[in-house]
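Protein chains: 2
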Amino acid sequence: MKLREIGEFGFIDRVSEQVKDLLLPGYLGIGDDCAVIPFTGKEDYMVTTDLLIEDIHFLKNRITPEELGYKSLAVSLSDIAAKGGTPVASFLSIGIPAETEVGYLDSFIKGYYELSRKYRVQLLGGDTTESKEYIVINVGVIGKCGKGEARLRSMAMAGDIICVTGCLGDSAAGLQVLLQNLPRTHDHLRLIRIHHMPDPHIKEGLWLAGYPEVHAMMDVSDGISSDLPHILKSSGKSAVVNLDKIPVSATLKKVAPRHGWDIDKLATSGGEDYVLLCTVSPDSFERINAGFNTAFGRDLYNIGGITPGKNRIKWLKNGKEVLHTQHGFDHFSA
Amino acid sequence: MKLREIGEFGFIDRVSEQVKDLLLPGYLGIGDDCAVIPFTGKEDYMVTTDLLIEDIHFLKNRITPEELGYKSLAVSLSDIAAKGGTPVASFLSIGIPAETEVGYLDSFIKGYYELSRKYRVQLLGGDTTESKEYIVINVGVIGKCGKGEARLRSMAMAGDIICVTGCLGDSAAGLQVLLQNLPRTHDHLRLIRIHHMPDPHIKEGLWLAGYPEVHAMMDVSDGISSDLPHILKSSGKSAVVNLDKIPVSATLKKVAPRHGWDIDKLATSGGEDYVLLCTVSPDSFERINAGFNTAFGRDLYNIGGITPGKNRIKWLKNGKEVLHTQHGFDHFSA
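So the protein lines, in turn, are chains A and B.
Residue 170 in the numbering used here sits at position 170 of the first sequence, and the numbers go up by one each step.
Residue 288 in the numbering used here sits at position 288 of the second sequence, and the numbers go up by one each step.
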């Protein structure tokens, strides 16, 4: 049996099973955006790590080194944001072909530093080594939060409103612009920028974690059609999502029809949005949304609700159920 | 200018320079075996991360998956040992070609788990992704120690005795057995085993860190001729090393002459020994050595001394100075 057949999550399940007897009480291990470590002291600590490999996660001739440096850190910071944490320190391991220009690496670090400085994240260590052909990047980030205050995937409750902290689909559209080598209008460049330099929702995550009525949180890295099921599985719940309510940027609405793109598909399955997905107690939603709007100048977008049941998402469009397939959404034909 | 021209340490220096203004007081960043993070609470925390790439750090057809899993964790645990810390948790990022057999991965995790269990290190997270051709492994480990008790490379004092916690050269000899495809006698297999499954000196590091008279510590990963200079540079000191006093196993003494190997070279420049290198106050050395011998059944091997001065190692053989070159040691010919 090949890895291809069991997939990433199949492998992770096997690993979890093999090592679970070592897990100590109070520690959160494999299966959320971050691990959570209690330690002594006033805080809990979060750790996340992301591996990026050339030609798998990025194409060297399509992303500038500054953007690559920025994005390498952004994806891990987003995991800290997703638990309501403050990032403290990062660790950068990088494997580089010996023929790489030093100027390329300086630019990479410049982009990495730019985002580090924005959120005051210290680069405290890492590893540097030669690689054969491909650039390999692993970023680990440590964050912190108040004791017991990390927001986990397992905390969704039936009745909760499902929210996202920003527009979906722009990043996936930016990737399409790159892959299809489309002409670069101002709008297309904006989409590419969102794909290459996502702003991790650190401030949003911290703000939300200040409310006990905000329950489960995670970041949207694979698209909500892949990510929401993690919350549902961990919490033992189901969900209803209104495709009409998913926030989409004016840019995407304008650009998509020109290229025949399915906006619903990009917004739910495109991935790499790096906004936060959270569930909020229905009684408090209006108040929290008002506060969020004051703080961030946009809504905490209500896209659906958590329901009792197990691991099922019911997708609604114009009030009618539609079927989610690998090609997008279809009306039930049966 | 290419990376090849400035090298790993040249690159690390450039990175340190670019990010140093983000470093907060009380944090130890780039430039030691681990970062040290104060946090609140009773302890300090250590973080280390190591990147291993197929065909650079290991040959897939020369190391079993169990050994690879074991060694991937061992090299990072050794960094925690080197600061006198207790490892708490590990994070495994792995990039794997999709055609890899699941059985291979299960064996890898088995080896990783074996060492995790030995030192009670929880595997709390990581990342799994596809890679093009090569296996890529990044292991991060978090450890802890009493506040301010981490042993740094910068703590050596003039007059200190330089010690190592185990024999040197076996691992490098094991690598030679593999690379030269030598016949596998019992002795050769022992050397290969030490190369593939080094035992990180966690217990030795913890024991040594219990004595304030033990000053600088680090682990021997590149060989003492490359590693000792890090202590000298960080501490602003020089050193004298007696080649005659470097501990070498009976196996290596027996095997080396058969293959024309230079034992001094293997023991000082071979690398991957993963024993600890430390400096001890001369007044306390005898007492500490006696205690170490009782605890571990072998000496804390005295191989030389720290002297005033800057970054110079004086190598002695039979009481006479010899010159260390890339080919080994030469008598001064000038």
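Be aware that one or more of the hints could be misleading.
Derived coverage of chain A by chain B (criterion: at least 3 residues anywhere in the stretch with Cβ under 8 Å from a Cβ of chain B; other residues may be distant) [what the hints assert, rightly or not]:
1. 85 to 96
2. 117 to 126
3. 140 to 148
4. 262 to 275
In silico lysine-lysine, DSSO-like type, Cα no more than 30 Å apart, as pairs [as the list claims (entries may be wrong)]:
5. LYS20/B / LYS42/A
6. LYS110/B / LYS233/A
7. LYS60/B / LYS110/A
8. LYS233/B / LYS110/A
9. LYS2/A / LYS2/B
10. LYS20/B / LYS203/A
11. LYS310/A / LYS254/A
12. LYS147/B / LYS60/A
13. LYS147/A / LYS147/B
14. LYS20/A / LYS314/B
15. LYS310/B / LYS20/A
16. LYS2/A / LYS147/B
17. LYS320/B / LYS118/A
18. LYS110/B / LYS42/A
19. LYS132/A / LYS233/A
20. LYS147/A / LYS110/B
21. LYS320/B / LYS110/A
22. LYS132/A / LYS42/B
23. LYS310/B / LYS320/B
24. LYS233/B / LYS20/A
25. LYS110/A / LYS118/B
26. LYS118/B / LYS132/A
Rather than coming from a laboratory, the hints here were simulated on the basis of the structure.
Beta carbons are placed, not taken as given, at the ideal position from N, Cα and C, and that holds for glycine.
Structure-based check of each hint:
no.	hint	verdict
1	85 to 96	holds (count 8)
2	117 to 126	holds (count 8)
3	140 to 148	holds (count 3)
4	262 to 275	violated (count 0)
5	LYS20/B / LYS42/A	holds (27 Å)
6	LYS110/B / LYS233/A	holds (27 Å)
7	LYS60/B / LYS110/A	violated (35 Å)
8	LYS233/B / LYS110/A	holds (27 Å)
9	LYS2/A / LYS2/B	violated (38 Å)
10	LYS20/B / LYS203/A	holds (24 Å)
11	LYS310/A / LYS254/A	violated (37 Å)
12	LYS147/B / LYS60/A	violated (43 Å)
13	LYS147/A / LYS147/B	holds (20 Å)
14	LYS20/A / LYS314/B	violated (50 Å)
15	LYS310/B / LYS20/A	violated (49 Å)
16	LYS2/A / LYS147/B	violated (47 Å)
17	LYS320/B / LYS118/A	violated (56 Å)
18	LYS110/B / LYS42/A	violated (36 Å)
19	LYS132/A / LYS233/A	violated (39 Å)
20	LYS147/A / LYS110/B	violated (33 Å)
21	LYS320/B / LYS110/A	violated (49 Å)
22	LYS132/A / LYS42/B	violated (43 Å)
23	LYS310/B / LYS320/B	holds (21 Å)
24	LYS233/B / LYS20/A	violated (42 Å)
25	LYS110/A / LYS118/B	violated (41 Å)
26	LYS118/B / LYS132/A	violated (33 Å)
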